[in-house]
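Each chain, letter by letter, is given below.
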Amino acid sequence: MTGADLPAWAAWLVVALALAGAGFSLTGAVGLIRLRTFYERVHAPTLGATLGMALIVTASVLYFSVAEGHLVLRDLLIGLFLTVTTPVTLILLGRAATYRDRAEGNADAPPDP
Amino acid sequence: MNRFLPYPLLSLALVATWLLLNPPLTVATAFLSVVVGWLVPFVMRALRPEAVRVRAPGTILGLAGRVLGDVVRSNIDVAKVILGLRRGTRHTGFVSIPLDLRSPYGLAVLAIILTATPGTLWIQYDSNTGRLLLHVLDFVEGDEWVRRVKDRYERPLMEIFP
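Order-wise, the sequence lines are chains A and B.
Letter 87 of the first sequence, counting from 1, is numbered 87 in my numbering, and no numbers are missing.
Take the position in the second sequence, starting the count at 1, then add 113; the result is the number in my numbering.
Just so you know, these hints were derived from the structure itself, not from any lab.
Computed from a predicted model, the values in this text were never measured in an experiment.
Every residue, glycine too, gets a C-beta built ideally from N, C-alpha and C.
Warning: the hint list may mix true and false statements.
From the structure, some residues in chain B lie toward chain A, with a derived Cβ separation under 7 Å [what the hints assert, rightly or not]: (1) L133; (2) A224; (3) P231; (4) H248.
Take these sequences, add in the hints, and give me the full structure.
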């Protein structure tokens with residue numbers, strides 16, 4: 001199974017989806033550098049974990065479905081498990097930063113809820 | 114929810130996962146998926162999770178569609194902020210939202226929704242007061258964000274997880 005047995009329309013669509021997804025992930029990575037405070041920065045990588053991931057998974061589903069000649073939904077599980085587990089990491093990071101900022105009495109520490 | 118099928122939804126999810134991971138569909142894989150879907154949930158009984166009660170299937174579909182749209186929109190918004198394409202001044206800030214939602218599963222889904230929409234970050238939830246602290250990348254004055262979370266997500270979630 002190589003890229004050669006993919007019809008042209010499918011190849012273009014797969015490339016477009018994968019590049020768009022990679023573009024969103026790259027933007028998220030750039031944001032990690034460009035944004036200033038910790039709380040702003042944590043927003044950036046979620047671009048790659050949400051829309052970037054969804055576009056790349058769609059490209060992958062399309063590629064394998066066309067190449068194997070039937071619907072292959074296996075890769076959707078990647079999206080499912082990534083979506084369900086990302087909040088755990090992000091909330092832990094947010095909590096750790098909050099705890100530290102409050103303990104150090106920083107000016108930009110989050111207020112009490 | 115009985116002795117022979119302790120967590121039907123979990124069983125169903127396991128069968129679907131097994132079948133997706135092991136194509137093509139044959140009698141053997143179908144049989145194995147049923148065995149896994151039937152036996153593994155018994156392990157979960159040791160953890161004694163609270164039973165999941167899901168209502169209002171129409172609301173679930175409506176909420177899923179709304180969240181999909183919001184995810185795409187907020188991804189584009191945050192990308193604009195990062196790439197400097199957004200005009201005007203931008204404020205970031207913390208928003209405190211009084212939640213009426215108490216179901217742990219409802220709160221878990223809310224956490225997933227808010228994390229999946231870039232631009233909102235779940236900082237802290239106080240289960241005593243029911244208040245949620247969010248960090249938003251594009252802060253709007255007033256209770257715009259409070260209303261957005263409560264009307265768009267919390268109300269349907271309270272219907273789904275009563």
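Verification of the hints:
no.	hint	in the structure
1	L133	5 Å, holds
2	A224	5 Å, holds
3	P231	4 Å, holds
4	H248	5 Å, holds
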